[in-house]
Amino acid sequence: MAQRLLLLLPFAVMALVAVGDWQAGRSVGLLPLLALGPAFASVACDVRRTGLVGVIAVALCLALGAYNGSSPLRLQVALGAIIGVTLTSLVASAARMRHERQLADVRSVAEAAQRVLLRPVPRRAGPGLGVAVSYTSAVAEARIGGDLYEVVTHPGGGVRVIVGDVQGKGLEAVETAAIVLGAFREAAYDEPDLTRVAARLENALARRLTGEQFVTAVLAEVVGDDEIAVLNCGHPAPLVLRGDGSTEFAEPEEESPPLGLTWLKPEMPTPTVIGFAPGDQILFYTDGIIEARDHGGAFYPLTDRVHLLAGPDPQAALDSLRADVLRHSGRPLSDDAAMLLLRRTEHEPAENGEPGLDGERAAALVRPQLSEADTDTPRKPDGTDGCPSAAAITTTRPGPPLPAVTLTTP
1 MAQRLLLLLP FAVMALVAVG DWQAGRSVGL LPLLALGPAF ASVACDVRRT
51 GLVGVIAVAL CLALGAYNGS SPLRLQVALG AIIGVTLTSL VASAARMRHE
101 RQLADVRSVA EAAQRVLLRP VPRRAGPGLG VAVSYTSAVA EARIGGDLYE
151 VVTHPGGGVR VIVGDVQGKG LEAVETAAIV LGAFREAAYD EPDLTRVAAR
201 LENALARRLT GEQFVTAVLA EVVGDDEIAV LNCGHPAPLV LRGDGSTEFA
251 EPEEESPPLG LTWLKPEMPT PTVIGFAPGD QILFYTDGII EARDHGGAFY
301 PLTDRVHLLA GPDPQAALDS LRADVLRHSG RPLSDDAAML LLRRTEHEPA
351 ENGEPGLDGE RAAALVRPQL SEADTDTPRK PDGTDGCPSA AAITTTRPGP
401 PLPAVTLTTP
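For the sequence shown, position 39 (counting from the first letter as 1) is numbered 39 according to the UniProt record's numbering, and the numbering increases by one without interruption.
Since the hints were made in silico from the structure, they are not lab data.
If a hint is listed, it holds; no wrong ones were tucked in.
Here are the simulated SDA-like pairs of lysine to any residue, each with C-alpha atoms no more than 20 Å apart in a straight line:
1) K169 - D335
2) K169 - A113
3) K265 - R196
4) K169 - E212
5) K265 - A199
6) K169 - L333
7) K265 - Q167
8) K265 - A206
9) K265 - Q213
10) K169 - Q213
11) K169 - S134
12) K169 - I179
13) K265 - P236
14) K169 - D287
15) K169 - P332
16) K169 - A110
17) K169 - S334
18) K265 - T195
19) K265 - E255
20) K265 - E212
21) K169 - L181
22) K169 - L209
23) K169 - E111
24) K265 - R200
Please construct the entire structure, taking both the sequences and the accompanying hints into account.
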């Protein structure tokens with residue numbers, strides 16, 4: 001809407017000037033004001049449109065000058081002003097468009113980098129586990145900052161997550177967040193437990209951080225069907241919402257310094273295991289949520305707003321909570337704010353009526369099996385394999401055996 005108004009503004013200005021000059025007559029010289037048309041056009045229009053507005057301004061000047069009987073000198077001055085402003089506007093419009101193209105290129109690269117750092121997470125991270133994320137950057141036009149999150153599926157079938165907050169702001173914080181996320185994606189897939197994952201993150205930061213920089217983080221791993229392990233490194237404790245409506249914070253059994261400052265306490269923390277049954281939810285968040293202040297200076301009352309997470313869709317519920325945080329603040333947040341919600345639901349059956357399957361088992365059900373016993377392959381005199389004259393291909397799956405299908409070539 002605003003862009004359309006800017007495109008119409010040059011014509012509206014010239015129309016007002018033309019009407020004013022027509023009403024005032026030759027006693028008042030308003031014709032030079034027609035130069036405002038191309039001047040305004042250079043703000044929002046391309047070079048061709050700006051030139052078109054300049055041509056229209058010159059035509060109006062000639063027509064009004066002839067109609068009012070303006071003196072040749074006054075008409076020449078008006079035309080000189082319009083032509084001069086039009087030429088300047090053409091140069092300004094070309095420069096603006098060049099800078100806009102450069103900005104668009106830089107923005108596309110930045111968005112690609114942001115998608116690499118904070119990749120989209122799946123809505124479901126395995127049977128009976130819903131996932132939702134929300135990120136609000138304190139920097140205008142930016143999608144990432146010093147806060148981070150990630151969800152990784154372990155080869156053993158577990159789901160591991162991280163939510164963290166890098167000290168500081170700006171590009172340095174983004175670089176540190178990239179280090180943590182890269183190390184977590186590798187370690188969460190390779191390491192057998194969260195303590196080893198945290199140690200890998202600490203080692204990655206120790207090689208790159210300087211001074212007293214640090215990262216607060218909370219790591220978690222869904223254990224079985226009714227438990228979740230939480231390892232806290234100086235981060236706000238996650239909020240657990242039980243299926244019966246009660247809430248509690250997943251406080252660590254022992255305090256631990258943030259990543260990057262573990263030299264204060266060399267022993268890595270141990271995870272705290274809590275119940276996580278169907279119907280339960282756990283909300284991971286950064287301090288940008290709980291430190292959001294209203295105009296009176298009051299912090300956001302997170303525990304009083306947990307009812308917003310009761311909706312049937314986890315992402316819609318989390319979006320509702322984010323909107324409530326912004327309403328509470330009444331202005332853009334002064335700090336990045338990230339949230340990650342895990343919701344445990346009952347295992348949903350697959351479309352074929354079987355329970356949800358992990359990748360390996362699902363692949364095993366549909367992978368064709370070819371055995372030597374079912375394959376008749378003649379051999380050449382030199383002992384090498386020849387083309388088969390017959391092949392029996394059988395597909396196996398749990399349950400009653402299926403009849404073999406034999407394909408015979410003439």
